[in-house]
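Based on the sequences and whatever the hints tell you, model everything.
Number of protein chains: 2
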Amino acid sequence: MTRERWRSSFSEWYNEVIERAQILDVRYPVKGLYVWFPYGFQVRKHVLGVIRRLLEEKGHQETLFPLLIPEDEFAKEAQHIKGFEDEVYWVTHGGLEPLNVKLALRPTSETAIYPMFKVWIRSHSDMPLKIYQVVNTFRYETKHTRPLIRLREITTFKEAHTAHASWEDAEGQVREAVGIYKAFFDALCIPYTVSRRPPWDKFPGAEYTTAFDTLFPEGRTLQIGTVHNLGQNFARTFGITFENLKGEQEHVYQTCYGISDRVIASLLVVHGDDKGLCLPPVAAPIQAVIIPIWFKGKGDEVNQEVARLKDELAGLRIHVDGRELRPGNKFYDWELKGVPLRIEVGPKDIAAGQVTVVRRDTGEKGALPRAGIKEGIERLLDDIATSLRERAWKEMESRIAKCANLDEAAPILKERGGIVRVDWCGDEACGKALEERLDTDILGTIEEQPKGLCAGCGHEAKHVIQLARTF
Amino acid sequence: MTRERWRSSFSEWYNEVIERAQILDVRYPVKGLYVWFPYGFQVRKHVLGVIRRLLEEKGHQETLFPLLIPEDEFAKEAQHIKGFEDEVYWVTHGGLEPLNVKLALRPTSETAIYPMFKVWIRSHSDMPLKIYQVVNTFRYETKHTRPLIRLREITTFKEAHTAHASWEDAEGQVREAVGIYKAFFDALCIPYTVSRRPPWDKFPGAEYTTAFDTLFPEGRTLQIGTVHNLGQNFARTFGITFENLKGEQEHVYQTCYGISDRVIASLLVVHGDDKGLCLPPVAAPIQAVIIPIWFKGKGDEVNQEVARLKDELAGLRIHVDGRELRPGNKFYDWELKGVPLRIEVGPKDIAAGQVTVVRRDTGEKGALPRAGIKEGIERLLDDIATSLRERAWKEMESRIAKCANLDEAAPILKERGGIVRVDWCGDEACGKALEERLDTDILGTIEEQPKGLCAGCGHEAKHVIQLARTF
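Chains as they are written, first to last, in this note's numbering: chain H, 1 to 471; chain U, 1 to 471.
Just so you know, the hints here were simulated from the structure itself, not pulled from any lab data. Hints are not guaranteed to be accurate.
Lysine-lysine pairs mimicking DSSO-like chemistry, simulated, CA-CA at most 27 Å apart [said to hold, decoys possible]:
1. Lys45/U with Lys374/U
2. Lys330/U with Lys58/H
3. Lys130/U with Lys310/H
4. Lys118/U with Lys130/U
5. Lys102/U with Lys31/H
6. Lys330/H with Lys58/U
7. Lys31/H with Lys118/U
8. Lys31/U with Lys118/H
9. Lys76/H with Lys102/H
10. Lys102/H with Lys31/U
11. Lys330/H with Lys365/H
12. Lys31/H with Lys102/H
13. Lys31/H with Lys45/U
14. Lys45/H with Lys102/U
15. Lys432/H with Lys143/H
16. Lys118/U with Lys130/H
17. Lys130/H with Lys45/H
18. Lys130/U with Lys330/H
19. Lys414/H with Lys462/H
20. Lys45/H with Lys45/U
21. Lys58/U with Lys45/H
22. Lys310/H with Lys102/U
23. Lys102/H with Lys82/U
24. Lys82/H with Lys102/U
25. Lys130/H with Lys246/H
26. Lys58/H with Lys310/U
Covered, in the sense of this in silico footprint (three residues per stretch, anywhere, with C-beta under 8 Å from a C-beta of chain H), are these stretches of chain U [unchecked claim]:
27. 19-28
28. 34-46
29. 54-63
30. 105-116
31. 165-177
Not everything, but these chain U residues come out facing chain H in the computed CB check (under 8 Å) [as the list claims (entries may be wrong)]:
32. Leu67
33. Pro70
34. Glu71
35. Leu96
36. Tyr140
Just so it is clear, CB atoms sit at the ideal spot from N, CA and C, and this is done for glycine as well.
Dropping the structure here:
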């Protein structure tokens, strides 16, 4: 499979594939807002299915809060409002009348949810409280917008919010959330690095932020998930208290964590190639497409076999492409749309008691015996997932470099992008100078001990940090 | 089962049950906006599962359009904007800056979707185009708001939009949509009447509107679904044309149809009683709750049997209530929450090779043999659905009266509410006078031939109309 255009002209590839594979229509008449095509919507549905299952296995309950947040609630947490004030959409009129209190379109839902936590939580026994919702959120982006990556309406915002009776429990929840997101990205075959964002880049109002980033072929990283330990900050602002075991009122400890449409962007980009998408089976609207190969006089025989085959594959997401087109045209369409497996059934296959299978990820062509076909196809789909995951990880890891100093790091970042790791002293001024000198961003610290001196100032190093150009 | 409070003090019953059964929290700090509790969210999910299945069986594809509609698109269809201008929320600011073009929060999505239909549809072969979405929509209600019934954020708006190559095809689609909604309300055991709304009450921009109404215990009807034949009105406004079989450009023919949170309100109200909710099994988050009846020294035996029973009932939505509470307290909780079936397992049941079952709808207590228990429970759940449906229909039908004249109709509407049917000439002025004299609303015409003269003016009758006080 070729990945030349995919690698060298990312924007062109991305815009073209997203439209032609019918993920999103970019022609909606407002900047930064897009329309989900039915095919794209199905991808989104399957991705959400995975995260819902993982969250529910760990006791999160789905709920739904209003979109509109009154200005007074929204402005309560000083850092939070400061972090969002430039990008909040405001509703000022209802009908022809001005509203008494302006309403914010949620950019995120802390200030909608936590006033309710205040009335829901009374005692120790009401916790842990673990809820989530999947909603649309809004950011008035002034930068260049891009489908699924930088949006004004984030259509797929999964946010979880939890409350706990102790700092330790909240820390445990952060670990659980990181574990859930790892399992989620693993299921989607998306590689990631986990960093603790530097304090000046944490979520407004949080104690600290742990973030997941993946790497795009053109060399920049994309933030695809964040987990925040909020400590007691929001609890103090919103007056969320509980009666602890000593009978005293104490503020709760909170965490929140979110993912967005960017996960779907990564799914498309990380596995794509010059022919289009290559979807991991778990997220594919069609896991295998059956193409009948008709020969004169053998049409009925082929069609009957295809119908039997489809029945036997019940439970998998199968589509039979019975259009009156040349097989080659059909192959082209389904390759563009990223269907993981193509099954061809012609008279020769029937005679040989087999089906012909072609993998989307490698282009490899082979045959599977007709007997026990469902197990055969399932195994092949598992193989595809495994090899997509391994390839993607290998690609990302080959572009992570540990550098001893900035002279080593600078040309790498300049020429091929990717992620560099250097030792760092932990000082904010030094960190910001580092970012400026390398014309790049600190993703954050990783769980690894530094071995040398700070690459920025030469003083004692306390952390290893990751740097990359980011979307 | 008692239905005194349910019948006589509807508002009190409704507000109390919606909060205590944990459907919605009404304490969100903005009028007309509510929070879905996890339990309520599950009811909503199962209801949406039913309508999604029905729509997809008939070839509708799910999609998702932006919430924000630019003022110029929104204002294009004159009747449409006129119908909604008093109730649209306007976003006027992004961050601290005023926007160049004001953005409406969709009150419904015709003006978001049809500009895309214009680019999607080229020829006859692109139709029928049948899509739907499930979204939040907004209405700036100035009247008294009420959870699920009159909202400012409609959180559960399922809207379908279709385009066709002929008026006849659009008419066929209206019939299909009416059939889908009948199947949907039948599945939820909600009785309905179908009326064609009078012209002055049709959807703004439609040729005509067919509506579903149900009847609440306090005597008023609630609109729970509408189907609109839009003719070519929006197609002309948005320039949606196709090349017809003669090779000419022609405007497409459109329909749209929607349901909202009100379906869930009906589900709760129609089947409820003085103990709380009574959910039909298809919509119940818990279809059967198992209560272990512990006796001294028999705890383990009971728990083991309960675990085995739960395993055997896999596939049904079962909850085991293992809380350290008296059984009576548990019964009370699950009756309030409307769980259709309670299963009690105690040492006597085990000894007798049975389980004790109690129906929520009738309170009837009985025993089912332990062997073949899953089939037994499934049959019982089906019986519950059937009897809920029959009871609800009977109740509604007992409150529909055909009246020969207004002297007959007036006391009925005044004393017990419900629906009255009278013959009508079809004249708008006469219809509106009728509404005023009876202090009620015309729901619309039904498919029945009039036999007498118009109840309003005494002239020749052309239709039979339904009248009721409405929410």
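Tested hints:
1. Lys45/U with Lys374/U: holds (24 Å)
2. Lys330/U with Lys58/H: Holds. Lys330/U to Lys58/H sits at ~25 Å (cutoff 27 Å).
3. Lys130/U with Lys310/H: Holds. Lys130/U to Lys310/H sits at ~25 Å (cutoff 27 Å).
4. Lys118/U with Lys130/U: holds (14 Å)
5. Lys102/U with Lys31/H: This hinted pair holds, its Cα atoms lying about 13 Å apart.
6. Lys330/H with Lys58/U: holds (25 Å)
7. Lys31/H with Lys118/U: Distance of about 18 Å is within 27 Å: holds.
8. Lys31/U with Lys118/H: holds (18 Å)
9. Lys76/H with Lys102/H: Holds, because 14 Å separates the two Cα atoms, which is no more than 27 Å.
10. Lys102/H with Lys31/U: Roughly 13 Å between the alpha carbons, so the hint for Lys102/H and Lys31/U holds.
11. Lys330/H with Lys365/H: holds (16 Å)
12. Lys31/H with Lys102/H: holds (23 Å)
13. Lys31/H with Lys45/U: Roughly 32 Å separates the two Cα atoms, so the pair is violated.
14. Lys45/H with Lys102/U: Answer violated: Lys45/H to Lys102/U is near 31 Å, above 27 Å.
15. Lys432/H with Lys143/H: holds (22 Å)
16. Lys118/U with Lys130/H: violated (44 Å)
17. Lys130/H with Lys45/H: The hint holds at about 22 Å.
18. Lys130/U with Lys330/H: holds (23 Å)
19. Lys414/H with Lys462/H: At roughly 26 Å apart (the allowed maximum being 27 Å), Lys462/H and Lys414/H satisfy the hint.
20. Lys45/H with Lys45/U: holds (14 Å)
21. Lys58/U with Lys45/H: Roughly 19 Å separates the two Cα atoms, so the pair holds.
22. Lys310/H with Lys102/U: With Cα atoms ~51 Å apart, Lys310/H and Lys102/U exceed 27 Å; violated.
23. Lys102/H with Lys82/U: Given that 27 Å is the threshold and the Cα spacing comes to 24 Å, the pair holds.
24. Lys82/H with Lys102/U: Holds, at roughly 24 Å.
25. Lys130/H with Lys246/H: It holds: about 24 Å lies between the C-alpha atoms, which stays within 27 Å.
26. Lys58/H with Lys310/U: holds (20 Å)
27. 19-28: n = 3 at 8 Å, threshold three: holds.
28. 34-46: holds (count 9)
29. 54-63: Three-residue rule met by the stretch 54-63 of chain U, so holds; n is 3.
30. 105-116: It holds, with 4 qualifying residues against the three required.
31. 165-177: violated (count 0)
32. Leu67: Because about 6 Å separates Leu67/U from the closest Cβ in chain H, which is inside the 8 Å limit, the hint holds.
33. Pro70: holds (6 Å)
34. Glu71: violated (11 Å)
35. Leu96: holds (7 Å)
36. Tyr140: Hint holds; Tyr140/U Cβ to chain H Cβ min 3 Å, cut 8 Å.
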